[in-house]
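Undergrad: Read top to bottom, the protein sequences are chains A and B. Be aware that the first sequence starts at 1, since it is given in the working numbering, and climbs by one per residue. Be aware that the second sequence starts at 1, since it is given in the working numbering, and climbs by one per residue.
Take these hints with a grain of salt, some might be off.
Claimed, not checked - Now the in silico label distances, taken between C-beta atoms and shown as ranges:
id : chain 1 : residue 1 : chain 2 : residue 2 : range
1  : A       : Ala-18    : B       : Glu-542   : 27 to 33 Å
2  : B       : Gly-775   : A       : Ala-129   : 44 to 50 Å
3  : A       : Thr-79    : B       : Arg-771   : 29 to 35 Å
4  : B       : Asp-647   : A       : Thr-111   : 19 to 25 Å
5  : A       : Ala-129   : B       : Thr-567   : 47 to 53 Å
6  : B       : Glu-700   : A       : Ala-18    : 35 to 41 Å
7  : A       : Thr-111   : B       : Ala-35    : 29 to 35 Å
8  : B       : Glu-700   : A       : Asp-80    : 21 to 27 Å
Hints in this document: simulated from the structure, not taken from any laboratory. Beta carbons are placed, not taken as given, at the ideal position from N, Cα and C, and that holds for glycine.
Listed here are the chains, written in short residue letters.
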Amino acid sequence: MSPSDPSARSVTPEELLAAADQLLTSPVSGVGAQWPRACALLIRLALEMTLDRFWVGVLPSAAKCGMRQQLLLLPLYTTDRPAAVGLAREAWLGLAGAAHHHAYELAPTATELRTWHREVTKLVSLLAADWPRRS
Amino acid sequence: MAEHERSVAEIVTGKLSDDKVPEQVASLVLDAMRASAPEAGAGEGGPSRGPGRVYLKSVSVEGFRGIGPKATLYLTPGPGLTVVTGRNGSGKSSFAEAAELALTGQNKRWEDKTAVWKEGWRNLHEPDPTAIAVQLTEDGEAGPTTVTRDWTAGAVLESANDSVWAGGTERSLADKGWARPLELYRPFLSYAELGALVSGRPSNMHDAMQAILGLDLLTDMEKSLTDERKSAEAEAKAPKNELPMLLAKLAAHPDERARAAEKAIGGRIWDLAALDALALAEDAAGDGQAGLLRQVTAITLPSAESVSAALERLEAARAAVAALAGTKAADARRLAGLLTAAAEHQRSHAGELCPVCGGRVLDEAWAVAAKDSIADLTAQAAEADAASAEEMAAVRTLGQLVPAKPAVLHADLGPSLNPVVASAAWDLWASAVAAMTSVAAPSAGTVPSSQASEVMAAFESLSEAVTALRSSAERELLDRAAAWQPLGRDLAAWSELAGKGDAASVLANDLKKAIDWLRATSREVRNARLAPFARTSAEVWETLRQESNVELGPITLAGAGPQRKVTLDVTVDGVPGAALSVMSQGELHALGLALFLPRATAADSPFGFVVIDDPVQAMDPAKVDGLARVLSSVAETRQVVVFTHDDRLPAALRQLQLPATVLAVTRHERSVVTVRPMSDPVKRYLDDARAMARTESLPEGVRAVAVAGLCRGAIEAACVDVVRSRDLGRGVAHAVVEQSLERASHSLQDMVALALLGATSRAGDVPAELRSLGGSACANAFWDAKTGVHDPRHGDLKRFIEDTEQLTKALRK
Numbered sequence: 001m002s003p004s005d006p007s008a009r010s011v012t013p014e015e016l017l018a019a020a021d022q023l024l025t026s027p028v029s030g031v032g033a034q035w036p037r038a039c040a041l042l043i044r045l046a047l048e049m050t051l052d053r054f055w056v057g058v059l060p061s062a063a064k065c066g067m068r069q070q071l072l073l074l075p076l077y078t079t080d081r082p083a084a085v086g087l088a089r090e091a092w093l094g095l096a097g098a099a100h101h102h103a104y105e106l107a108p109t110a111t112e113l114r115t116w117h118r119e120v121t122k123l124v125s126l127l128a129a130d131w132p133r134r135s
Numbered sequence: 001m002a003e004h005e006r007s008v009a010e011i012v013t014g015k016l017s018d019d020k021v022p023e024q025v026a027s028l029v030l031d032a033m034r035a036s037a038p039e040a041g042a043g044e045g046g047p048s049r050g051p052g053r054v055y056l057k058s059v060s061v062e063g064f065r066g067i068g069p070k071a072t073l074y075l076t077p078g079p080g081l082t083v084v085t086g087r088n089g090s091g092k093s094s095f096a097e098a099a100e101l102a103l104t105g106q107n108k109r110w111e112d113k114t115a116v117w118k119e120g121w122r123n124l125h126e127p128d129p130t131a132i133a134v135q136l137t138e139d140g141e142a143g144p145t146t147v148t149r150d151w152t153a154g155a156v157l158e159s160a161n162d163s164v165w166a167g168g169t170e171r172s173l174a175d176k177g178w179a180r181p182l183e184l185y186r187p188f189l190s191y192a193e194l195g196a197l198v199s200g201r202p203s204n205m206h207d208a209m210q211a212i213l214g215l216d217l218l219t220d221m222e223k224s225l226t227d228e229r230k231s232a233e234a235e236a237k238a239p240k241n242e243l244p245m246l247l248a249k250l251a252a253h254p255d256e257r258a259r260a261a262e263k264a265i266g267g268r269i270w271d272l273a274a275l276d277a278l279a280l281a282e283d284a285a286g287d288g289q290a291g292l293l294r295q296v297t298a299i300t301l302p303s304a305e306s307v308s309a310a311l312e313r314l315e316a317a318r319a320a321v322a323a324l325a326g327t328k329a330a331d332a333r334r335l336a337g338l339l340t341a342a343a344e345h346q347r348s349h350a351g352e353l354c355p356v357c358g359g360r361v362l363d364e365a366w367a368v369a370a371k372d373s374i375a376d377l378t379a380q381a382a383e384a385d386a387a388s389a390e391e392m393a394a395v396r397t398l399g400q401l402v403p404a405k406p407a408v409l410h411a412d413l414g415p416s417l418n419p420v421v422a423s424a425a426w427d428l429w430a431s432a433v434a435a436m437t438s439v440a441a442p443s444a445g446t447v448p449s450s451q452a453s454e455v456m457a458a459f460e461s462l463s464e465a466v467t468a469l470r471s472s473a474e475r476e477l478l479d480r481a482a483a484w485q486p487l488g489r490d491l492a493a494w495s496e497l498a499g500k501g502d503a504a505s506v507l508a509n510d511l512k513k514a515i516d517w518l519r520a521t522s523r524e525v526r527n528a529r530l531a532p533f534a535r536t537s538a539e540v541w542e543t544l545r546q547e548s549n550v551e552l553g554p555i556t557l558a559g560a561g562p563q564r565k566v567t568l569d570v571t572v573d574g575v576p577g578a579a580l581s582v583m584s585q586g587e588l589h590a591l592g593l594a595l596f597l598p599r600a601t602a603a604d605s606p607f608g609f610v611v612i613d614d615p616v617q618a619m620d621p622a623k624v625d626g627l628a629r630v631l632s633s634v635a636e637t638r639q640v641v642v643f644t645h646d647d648r649l650p651a652a653l654r655q656l657q658l659p660a661t662v663l664a665v666t667r668h669e670r671s672v673v674t675v676r677p678m679s680d681p682v683k684r685y686l687d688d689a690r691a692m693a694r695t696e697s698l699p700e701g702v703r704a705v706a707v708a709g710l711c712r713g714a715i716e717a718a719c720v721d722v723v724r725s726r727d728l729g730r731g732v733a734h735a736v737v738e739q740s741l742e743r744a745s746h747s748l749q750d751m752v753a754l755a756l757l758g759a760t761s762r763a764g765d766v767p768a769e770l771r772s773l774g775g776s777a778c779a780n781a782f783w784d785a786k787t788g789v790h791d792p793r794h795g796d797l798k799r800f801i802e803d804t805e806q807l808t809k810a811l812r813k
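If we strip away everything but chain A, and leave its shape as in the complex, we get (with noise of 0.2 Å):
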């Protein structure tokens, strides 16, 4: 999952999360039982493609680091937006563990990916002022 040039993508953060609220309101045929950790996949990365295009404007340099750095960094770029950074850490913390297949840790539930999608829906209309606009 490293982060890559977003303008190479042709997806959005927005599209991301719409295929995941699709997930979570309604079955979708071929993903199966493995649905939860898909939707955590599809949030987590438009979790990493929102702070990706966030960087683009601020500091081009910062998306190549790891989460860690940019979530350490985030809070000095967004003192105009404090609410940003519990957003992204929060989403964070839980995107982190569900999106990959440990051999004892469950899926997680409905609940629990209603509340990431919201904190990165929320995230990226904080952020969404400082991307770059694709002509």
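Given the structure of chain A, go ahead and fit chain B onto it with the hints provided.
TA: Same frame as chain A, but now just chain B:
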């Protein structure tokens, strides 16, 4: 919260008049209040006590539970979150249990366990010595307070030697006055208790909440009123309970009064006045027999002396009459009259011949003689008159001496009394007297004295017969009284009981009203007082529940007596009134914590710490995040010590960047337990700073700004730690410590001055002081951290972080 500030007694008194409670009911309530007031004082936690003044400094354990050789868990006194991690069986819970046992003398986790469980309290490998000690800091105590409990070899758990050392002198634990607050606010919560808080007996939770709300007075008053009502009701019922027995006794009794009494109390309405009269009545109304007996006892006879005196008088009178027998008084008077007339005639016809006989001249000599004769004759007549008058009087006296025979002697006096003898004797007497008195004065001779002795004999036999009859009658009356008296007493006693019973049932009725009123008032007051607690609970739950479909509404104390409970208004998926049974174990634990925390952190509690043993166990990951947030928000004002067996809570705290100190407990072979710091806020800042410094993909300026910010955070965290430890340990009030920290927090220099020199006023000395403390490295680190945020130096970040670490170490030394 005006309601909370008024004392319960004031609220009750005020409401009594507001509600227009009837006089007699109100006075019952007030009496109950007076009776309960002395004990209630303890429950009324006055606001003067102030919040959180006692903090934990260390817990030492030796030879107890999972810990063999002495191991000590050091804590920073003052607000803050400490997480003690350790695998299951590492001995971490032994610290939690020891802290609770040392302070409270008991442990909730063992309380209801069997003996086998309780016997395992000594360490298997090092059972002797066994000692636990808790060090605390207290407001107003210069130096720590140490509470120890130790056991001699072979002693049982309950027979520990406990001692308290504070300020160099030994005190008793009781003097501390902690027993009641420990019970009220219970700053200890074990895993076992967490579930029991919600699923345990509803009355326990109710009582715990009630006590903490300072409503003991109301509980005590209700109890006092209920007891009174019980005894009043028993008193009201007593006459009814004893009635069948009394009626059975009455039915078995032959006396007429028993019939009357049956009539008086046999019906639905009791005629107690009639019953009282019957109980005291000598005879049954309409009992002829008793009347006759009483008439018999009323018969009186003159004494034998007076009879014999009367007889003597009659005899004497008759003797006198007899002595004058020759001189008939009438003749003498007539002759005197004749002579008087003749003498008068002679006065005008002196010297003439007697006009009657014509033979004798009535001269002066005759007149003189006649005058003498007249006097003589007149005297004779008077004497005879007197004698016969005396005889008449004597006869009358004798006749009147004994009354006429009473009619009762002809009546049927029952089987044990026969009046015939007396009646006959009476007749005999009467005829003897008649015989004696009817005899006219004998023309000549004397009264035959045989008659007098007959009369005397008749009197004697009469007297004998009457005395015998009378004493029989008296005995009979006594027998009758003896037969009635016990029942009469019973009737009187029962009547008194019934009278009291009436009063008691009126009282019981008033008491019921008083209890109803008090219960309604209690409900109002306690729910008003509960509101802030309930709000905190709801907030805690809101944070913990994390999208759980269970919603926690208002918490109320409901019911009374055995039905009392805490009502949690839980809605599941919006469906109200849902049972707790639909909640998962994790949810129940979260709810338990939501109920526990407001109580343990109540403003009135003297304890500034909360010890929670393994709250994470049954929680799902999302709730662990919530738990981390809840605990760290509590830790803003309280010392929170959490024991946990896995890394989820520390991980959540790390991820959410919530400040916490993490300690790890590990257990080696033979119960050798060590505690070592895993991370604390200072270390975390430094770790983050290092991670940031290593991130070479970032521009150096950015890295420097971030590192400086993190280093500043590390120094501030170290300062807070130092100030709290030092000042709280000295007994400085918690509020004062927090206030000075808050004031210094805007300037790093002030912060370091406060930590290093004890006052922000000495901020100017900080650079010099730092240099002497740890050389230029320390001073540089301080300077870089202080200015770096605004003016990043492009120096060696790694060096900067190391210097900062050195500075924090020097500060905490």
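Undergrad: Are the hints correct? Go through all of them and say.
TA: Hint check results:
{"no.": "1", "hint": "A:Ala-18 / B:Glu-542: 27 to 33 Å", "verdict": "holds (29 Å)"}
{"no.": "2", "hint": "B:Gly-775 / A:Ala-129: 44 to 50 Å", "verdict": "holds (47 Å)"}
{"no.": "3", "hint": "A:Thr-79 / B:Arg-771: 29 to 35 Å", "verdict": "holds (33 Å)"}
{"no.": "4", "hint": "B:Asp-647 / A:Thr-111: 19 to 25 Å", "verdict": "holds (23 Å)"}
{"no.": "5", "hint": "A:Ala-129 / B:Thr-567: 47 to 53 Å", "verdict": "holds (48 Å)"}
{"no.": "6", "hint": "B:Glu-700 / A:Ala-18: 35 to 41 Å", "verdict": "holds (40 Å)"}
{"no.": "7", "hint": "A:Thr-111 / B:Ala-35: 29 to 35 Å", "verdict": "violated (54 Å)"}
{"no.": "8", "hint": "B:Glu-700 / A:Asp-80: 21 to 27 Å", "verdict": "holds (25 Å)"}
Figure legend: structure checked against the earlier numbered hints; the only hint not met is number 7.
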